[in-house]
Amino acid sequence: DTAVSQTPKYLVTQMGNDKSIKCEQNLGHDTMYWYKQDSKKFLKIMFSYNNKELIINETVPNRFSPKSPDKAHLNLHINSLELGDSAVYFCASSQGPDRHGYTFGSGTRLTVV
Amino acid sequence: AQTVTQSQPEMSVQEAETVTLSCTYDTSESNYYLFWYKQPPSRQMILVIRQEAYKQQNATENRFSVNFQKAAKSFSLKISDSQLGDTAMYFCAFSTQGGSEKLVFGKGTKLTVNP
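Protein chains in written order, with our numbering: chain Y, 1 to 113; chain H, 1 to 115.
Do not take every clue at face value.
[Said to hold, decoys possible] Derived SDA-like pairs: lysine to any residue, alpha-carbon spacing no greater than 20 Å straight-line: (1) Lys41/Y - Gln69/H; (2) Lys40/Y - Pro40/H; (3) Lys107/H - Asp85/Y; (4) Lys41/Y - Ser80/H.
For the record, the hints were derived by calculation from the structure and aren't laboratory data.
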């Protein structure tokens with residue numbers, strides 16, 4: 001039973017398209033995150049939601065829109081995809097670093113051509 | 001703002017030997033958490049070890065241990081009896097206390113264990 005699951009694992013799309021990545025966690029955590037890992041493997045926070053409420057939005061272009069229908073789900077929608085959006089996107093969840101730490105999904109490799 | 005620095009982009013070690021990966025961080029917080037994550041070629045992010053800043057005792061998990069020097073803001077990872085399966089990217093990360101705090105990552109160290 002996967003704790004944090006992301007779909008799809010791979011996504012290849014053309015510039016200008018709109019795409020979504022879905023994330024679900026079955027850990028009962030209150031907080032969910034999106035991280036972006038660039039081609040140099042650097043990981044950076046994009047968004048976090050706590051119990052469906054947006055907490056962190058780190059200077060991400062507004063073409064990226066997270067949506068949390070409930071605290072177990074955090075989806076990422078990307079409009080008008082650009083070549084520079086190619087990266088691996090990780091979903092994660094947490095009940096706080098003082099409890100269980102952070103659990104990551106297996107990542108979605110997005111390739112924009 | 002918190003920053004995490006890993007000064008070794010790549011390292012290699014012979015199987016069964018010991019290797020230490022370096023990490024330094026900068027923060028004005030007094031309560032925080034430090035982590036080492038492993039990312040093998042499968043891409044999965046795997047928690048290796050976690051250290052609470054208020055604990056003086058260094059964390060250990062089997063072959064993995066840390067040397068936490070709070071005053072120096074240093075958090076190195078020692079891998080003993082290195083195994084081929086330890087080949088991966090290793091990320092040092094920092095988080096402040098609180099339910100919604102983000103992880104701030106270093107740029108990673110690529111570790112290769114040679115047979």
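How the hints compare with the structure:
1. Only pairs whose Cα atoms come within 20 Å are accepted, and Lys41/Y paired with Gln69/H is rejected, the gap being roughly 26 Å.
2. Using a Cα cut-off of 20 Å, the hinted pair Lys40/Y and Pro40/H holds, with the two alpha carbons roughly 15 Å apart.
3. Of the supplied pair hints, the one linking Lys107/H and Asp85/Y holds, its CA atoms being roughly 19 Å apart against a limit of 20 Å.
4. At roughly 25 Å between alpha-carbon atoms, Lys41/Y and Ser80/H are farther apart than 20 Å, so this suggested pair is violated.
Hints 1 and 4 from the list above are not met by this structure, while the remaining hints are.
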